[in-house]
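Protein sequences, first through last, are from chains A and B. Numbering (the numbering used here) for the first sequence: 1 to 306. Numbering (the numbering used here) for the second sequence: 307 to 573.
Do not rely on the hints blindly, as some may be mistaken.
Said to hold, decoys possible - Label pairs and their computed distance ranges (CB to CB):
#, chain 1, residue 1, chain 2, residue 2, range
1, B, Gly458, A, Asp43, 22 to 30 angstroms
2, B, Gly458, A, Pro224, 41 to 49 angstroms
3, B, Glu395, A, Asp43, 45 to 53 angstroms
4, B, Gly458, A, Lys20, 25 to 33 angstroms
5, A, His47, B, Lys500, 52 to 60 angstroms
6, B, Asp514, A, Gly129, 36 to 44 angstroms
7, B, Ser561, A, Pro224, 46 to 54 angstroms
8, A, His162, B, Ile494, 39 to 47 angstroms
9, A, Gly249, B, Cys493, 34 to 42 angstroms
10, B, Asn558, A, Gly249, 33 to 41 angstroms
Derived from the structure by calculation, the hints contain no laboratory data. Glycine residues also receive a C-beta, built at the ideal position from the N, C-alpha and C atoms.
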Amino acid sequence: MKLQRDIFLEEVYNLLKVDKSIYVLSADFGAAALDAIREEFKDNFIHCGISEQAMFDIGTGLALEGKKVVAYAMGPFISLRAIEQIKCGPAMMNLPMTILSVGIGLGYADAGPTHYATEDFACLRAIGGTNIYTASDNLIAEKIAQNSLSNGKLNYIRLDRHPTSNIEFNKENFDFNDGYRIIGEYSEQKIAIISHGRILHACLKTMNENKDLCFIVDLYNSKPISQKLANKLKNIKKILVVDEQTCSGNLTGAVQEFLAKNNIFNFIKNLSLTERYIFENGGRDHLLKLNGLDEDSILAVFKEIL
Amino acid sequence: MNIPNNLEEISKKYRRELFEKFLEVGQGHPGSVFSMLEIIVTLYYKNFIRFDPDLKKFKDKIIISKGHAAVALYPVLRDFGVMPEKEWENWGKGKESILRVFGNTSMPGINATSGSLGHGLGIACGMAYAYKKNNIDQKVYTIISEGELYEGSTWEAFLFASHHNLTNLNIVIDENSLIILGKTDDCIKLSPIKKKLEGFDFLVHECDGHNIMQLEKAFADVTGKTKVILAKTIKGKGFSIMENKAHWHYWNKLSDSEIQICRKEVE
Numbered sequence: 001m002k003l004q005r006d007i008f009l010e011e012v013y014n015l016l017k018v019d020k021s022i023y024v025l026s027a028d029f030g031a032a033a034l035d036a037i038r039e040e041f042k043d044n045f046i047h048c049g050i051s052e053q054a055m056f057d058i059g060t061g062l063a064l065e066g067k068k069v070v071a072y073a074m075g076p077f078i079s080l081r082a083i084e085q086i087k088c089g090p091a092m093m094n095l096p097m098t099i100l101s102v103g104i105g106l107g108y109a110d111a112g113p114t115h116y117a118t119e120d121f122a123c124l125r126a127i128g129g130t131n132i133y134t135a136s137d138n139l140i141a142e143k144i145a146q147n148s149l150s151n152g153k154l155n156y157i158r159l160d161r162h163p164t165s166n167i168e169f170n171k172e173n174f175d176f177n178d179g180y181r182i183i184g185e186y187s188e189q190k191i192a193i194i195s196h197g198r199i200l201h202a203c204l205k206t207m208n209e210n211k212d213l214c215f216i217v218d219l220y221n222s223k224p225i226s227q228k229l230a231n232k233l234k235n236i237k238k239i240l241v242v243d244e245q246t247c248s249g250n251l252t253g254a255v256q257e258f259l260a261k262n263n264i265f266n267f268i269k270n271l272s273l274t275e276r277y278i279f280e281n282g283g284r285d286h287l288l289k290l291n292g293l294d295e296d297s298i299l300a301v302f303k304e305i306l
Numbered sequence: 307m308n309i310p311n312n313l314e315e316i317s318k319k320y321r322r323e324l325f326e327k328f329l330e331v332g333q334g335h336p337g338s339v340f341s342m343l344e345i346i347v348t349l350y351y352k353n354f355i356r357f358d359p360d361l362k363k364f365k366d367k368i369i370i371s372k373g374h375a376a377v378a379l380y381p382v383l384r385d386f387g388v389m390p391e392k393e394w395e396n397w398g399k400g401k402e403s404i405l406r407v408f409g410n411t412s413m414p415g416i417n418a419t420s421g422s423l424g425h426g427l428g429i430a431c432g433m434a435y436a437y438k439k440n441n442i443d444q445k446v447y448t449i450i451s452e453g454e455l456y457e458g459s460t461w462e463a464f465l466f467a468s469h470h471n472l473t474n475l476n477i478v479i480d481e482n483s484l485i486i487l488g489k490t491d492d493c494i495k496l497s498p499i500k501k502k503l504e505g506f507d508f509l510v511h512e513c514d515g516h517n518i519m520q521l522e523k524a525f526a527d528v529t530g531k532t533k534v535i536l537a538k539t540i541k542g543k544g545f546s547i548m549e550n551k552a553h554w555h556y557w558n559k560l561s562d563s564e565i566q567i568c569r570k571e572v573e
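Could you put together the complete structure from these sequences and hints?
In structure tokens form, the structure reads like this:
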């Protein structure tokens with residue numbers, strides 16, 4: 001199965017065939033699809049060294065000259081290490097740039113907590129003007145690529161390190177620009193489970209076993225959140241938000257702020273990582289289980305709030 | 307526009323005008339602004355930053371990385387007709403003006419929003435790279451403070467400029483030897499700066515940053531390398547109350563007699 005990053009970079013590759021104003025910057029982070037760009041579009045690929053901060057300053061200089069910049073690196077470093085460069089560069093100067101952040105959550109479980117991107121959402125959400133996308137599967141990764149690269153905005157795009165199979169859902173009324181999709185059958189009488197990214201897959205068991213009681217909202221565009229979602233959620237009694245991030249400023253916070261702005265005050269339960277740094281070994285799914293974010297733990301919390 | 311002969315007088319005039327503006331606005335970064343005035347005057351009036359009078363635009367770019375010092379550009383941009391006169395006149399007089407004590411890209415002639423240290427060199431590298439790769443005859447100048455040599459991102463950008471041999475990039479280091487808490491050599495030693503930069507295979511010139519002839523000679527030197535000019539300057543240059551005083555990084559309140567002294571020194 002293809003990785004999300006390859007799907008995204010293949011889209012960049014295709015665009016480069018007709019648009020040489022695109023520059024792909026990497027802080028020594030690779031991908032199979034990136035190799036093709038490096039090979040065929042040598043002048044449009046810039047290796048910035050393992051220097052995320054310089055990558056954004058250089059990217060800002062390119063963007064000031066009208067270039068379309070795609071900055072690419074591992075999640076924890078492209079977000080937190082260079083956050084001031086993102087703020088003072090593309091954000092403050094209102095420049096279009098696409099930040100490709102790979103390995104969100106505990107994606108790099110084999111590399112320890114320095115390599116976890118478990119606060120990136122909160123940090124980048126706080127930067128003015130960011131548009132945040134999180135891909136839960138390959139279809140959404142592809143749609144994000146098709147819609148973000150030329151939108152003229154500062155996009156922070158969160159991709160998973162691991163393969164993510166496509167999730168079944170009713171495509172009949174699906175419009176990518178809504179920023180979310182409904183998985184399962186929507187009803188105002190049900191509990192809404194809101195999630196994004198790979199962790200959304202861990203919510204599927206809960207939905208499949210409780211089809212009459214809940215549905216899932218895949219909120220792949222979590223900043224800004226579409227106003228359409230307010231209408232969908234205004235009469236929902238209970239919401240469970242599941243996020244592979246620490247508990248401060250995660251997707252729950254984003255949803256709560258959004259609803260409060262719309263004078264909607266539902267019951268909302270947060271299910272996420274704690275603020276503890278995770279040093280245990282055992283792989284991503286093991287760590288998620290240890291921290292109450294596996295499919296059975298999500299099901300148990302769902303039953304609690306029923 | 308008519309280029310005046312006596313650039314020392316122009317520098318003094320700008321000191322005079324900027325002092326009055328700081329006085330009116332009641333804030334700003336005079337130490338940093340006054341240390342680089344001759345550098346700015348040389349770049350603009352000696353045509354290193356080339357001007358197209360028909361378009362009223364500069365062909366070459368300048369990034370003031372020591373961002374709060376971008377204020378030094380305002381009277382120059384005004385005199386070239388790039389910055390509307392009324393913006394300058396209104397500033398500090400309680401009237402509407404786009405000018406602030408820090409530059410941003412909403413102001414004509416300001417190429418990058420700056421303020422935080424350590425960003426400008428990387429931005430200048432990105433611009434210079436874009437010109438080089440697309441065979442565009444444009445140069446990029448950036449003025450960084452000596453204090454920015456403490457920022458890791460500056461050294462990351464040096465690596466980039468060196469690797470890509472950005473010959474269209476000119477880096478001026480405003481070396482006034484002072485940071486907020488004192489002398490750079492007493493805080494964390496930066497020297498030998500020249501030797502360190504020569505290690506990147508840059509062409510490094512040292513000169514008196516207040517001597518227009520020396521600056522002109524350094525800027526005029528054509529090489530096949532990225533150029534760095536280590537301009538030895540005096541923080542707060544031109545005002546004895548401010549010169550070489552770290553606390554004059556920020557504007558301080560002056561008594562009437564101090565104001566008179568300052569005015570006399572730039573008459």
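Notebook entry, point to check: Taking each numbered hint in turn, which are not upheld by the structure, reported in ascending numerical order?
Noted result: 2 and 5
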